[in-house]
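Model the full assembly from the supplied sequences, consistent with the hints where possible.
Residue numbers (this note's numbering), protein chains in the order written: chain B, 41 to 254; chain R, 41 to 254.
These are computed hints drawn from the structure, not numbers from a lab.
Every clue listed holds true.
When chains are identical, the list treats them as one kind, so a pair holds in a single copy or across two.
Straight-line C-alpha distance at most 27 Å; calculated DSS-like pairs for lysine-lysine:
1. K245 - K137
2. K237 - K248
3. K137 - K249
4. K204 - K137
5. K137 - K237
6. K248 - K137
7. K217 - K137
8. K217 - K237
9. K237 - K249
2 protein chains.
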Amino acid sequence: MSNLHLWDLETINQMDQRYRAQFINSLPGFKTPFLLGTQNQSGHTNLSIISSVTHLGSHPPLMSFIMRPNSVPRHSIENIKETGVFTLNAVPADRFKDAHQTSARYERDVSEFDACGFTALYEKDFAAPFVSESSLQIGLSLAQINHLDINGCDMVIGKIEIIKVPFNIVGADGSLKLEQLDLCSVTGLDSYHSHVKIGRLSYAKPDKKPSLID
Amino acid sequence: MSNLHLWDLETINQMDQRYRAQFINSLPGFKTPFLLGTQNQSGHTNLSIISSVTHLGSHPPLMSFIMRPNSVPRHSIENIKETGVFTLNAVPADRFKDAHQTSARYERDVSEFDACGFTALYEKDFAAPFVSESSLQIGLSLAQINHLDINGCDMVIGKIEIIKVPFNIVGADGSLKLEQLDLCSVTGLDSYHSHVKIGRLSYAKPDKKPSLID
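Spelled out as structure tokens, the structure:
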């Protein structure tokens, strides 16, 4: 690409703070927003949209997300520490506005489930609320929180305890046909997108070009 | 959703290893694949597709990715430690097969740039190769590597030194109109997707519904 503009660190550091936040947050590209469901020991629920969910490993099954210092989901972290569990619920495309609205700085006594029109759903022996409207619901127990001294973020690592998806999207080899779920993705802080499948590729080997398998 | 099937941890642990890897890797949803560009001190280049790139912060501008133990990009990590720098290059949708092919276990003396048909591009005073064919190129210096004892992964944190994107996709507020770049996303290990913009939403406030701003 010859038509690219180059920004160096000095230029980045001189950007206005909000402009830089929009710019740098856009760089990781398309991410999947999840609704982080928690509650405190009294059963007061909390729901917050996050977009840094990452696969860490399959055995044990681990996922992580990043919590910025002073970010909106701070109540969620307190709840996770209290109960030891949380849920991650993929955002249905037709509810993206309500999901985005959970990022507003509601007062502590407000549940974003009520304020934003989502329904809390519980599973046996699991003290965090799932989002009933989501077609991809994951229940996790807190494994550890790694504090990153470099900028004050916390990396929250959870062990997957419960997975809920429609049975018919599970392929013969275990892969999920997520394009059948009508989820959305987010870029930057606030731009939402839907998806069109291009294709699934065979396992890459040095002596062979990958081919479409689905 | 009432049509969801539930898998608990016991069931997950009993899955066949490859089936479980496909299943659990699918859970984070849509991710943006990046080509990780590195070289050793002798200038031998390496290119590897990764899909765990995450925004960590904007000031300083930090991004991270996860390196699994014994994963294909292990040469990349050695190069990053040697030179202190690496590049992340978003995958153009029309090159998704070539990008996927960089995940093959090539011998050490093979450069995936050559084997998979990508062009190395250099910027002044920066000892890691960019991918010329990418419309979103990021150059980073190694900030730190956090080893995760919980499963042997490494979290590689880089500080952004160089950003290259077309000037005309930068919005007035600093956000990038990534839908104009024809990037792709990946789900699981091998399913690729393109995108259709739904809309951009206003900053969420408790007393007001979010509205479309773009």
